[in-house]
Amino acid sequence: MQPVDPEELKQLIKEAKEAGKDVSELEKTLEKTIKEKGLAPSGERKEKKATEGKRVIESTGPAREEDFE
Amino acid sequence: MIEVNLIDQAGVLSGPEKKRLKSFIIDHCLCTTEEIPWLKHVKVRDDGASGYSGYWTASWTEDGADIRDLVAVIILNSYYLKTVEQMEKTLAHEFGHHWTLGYFMVRREMRHFFKERAPWLYYRIRGIEPINNFAGDYSKDWYHCDKEILAEDYKHLFSPYKWMHRMRNLVGNPTTEVMDYIKTLGKPYW
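Chains A and B, in that order, are what the protein sequence lines are. Here the numbering used here is used: position 25 in the first sequence is 25, and no number is missing along the way. Position in the second sequence counted from 1, then plus 69, gives you the numbering used here.
Isolated chain A (complex conformation) (with noise of 0.2 Å):
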């Protein structure tokens, strides 16, 4: 996983904007990234019951079934 912090987000919308992107979003996000000290990353596992043994999803994100469909 690659968090996004207020560092991270500063470097990002200075690099986007360099590329002429709109990072009007970004920079809303950015403070309201900046006020709530950013979003913790945590990895997720989660186990199936399968036909034979069971079925792990481990993620250095979400596990999300939906994310190998």
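Covered, in the sense of this in silico footprint (three residues per stretch, anywhere, with C-beta under 8 Å from a C-beta of chain A), are these stretches of chain B:
1) 115-125
2) 175-188
3) 206-218
Lysine-lysine pairs mimicking PhoX-like chemistry, simulated, CA-CA at most 20 Å apart:
4) Lys184(B) with Lys46(A)
5) Lys87(B) with Lys21(A)
6) Lys35(A) with Lys10(A)
7) Lys231(B) with Lys252(B)
8) Lys10(A) with Lys32(A)
9) Lys109(B) with Lys91(B)
10) Lys109(B) with Lys46(A)
11) Lys184(B) with Lys48(A)
12) Lys10(A) with Lys21(A)
13) Lys184(B) with Lys209(B)
14) Lys109(B) with Lys87(B)
15) Lys184(B) with Lys54(A)
16) Lys28(A) with Lys14(A)
17) Lys28(A) with Lys10(A)
18) Lys32(A) with Lys14(A)
Please keep in mind that the hints were generated in silico from the structure rather than gathered at the bench. Note that the structure is a prediction, hence the values are computed from the model and not measured. Every residue, glycine too, gets a C-beta built ideally from N, C-alpha and C.
Put chain B on the given structure of chain A with help from the hints.
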């Protein structure tokens, strides 16, 4: 021909950008014909202000000691990543997870990524001390998670995005010993 399957679900990439991102791993990063097929696809998706620009996720079947049907996916969050260079940089880090965690799993060195620390040899050659300041999970934050340091090491050592190690102020840049260690994880058995 071996290739990476790229899905632009967000619809943000032009034809040339899609071609560039699709060939990035094979043309510019350390990879082999063993771990590339484990990667089902790289998905560019708008996950909103989720706090992450990308992640690696894997699925497999455990039957006793047997592990089979390993499939992995990389998600790139186009909400934060506005340029193809930014997507490549995140992809290099996430492919670092694919290389290191994928081989830890297949070579039976690890089964629960976040319950177990990275092997002690890695701690020793990486010089990450005191050991108790670091963890196998995110309990001491992202910067102190050994799997994340490994992924950044991969990005620094084996992709064009060198000198951008996000833990460099904490643990320094990796040495050539670490380079050999990471490369050896994917050493073929044959």
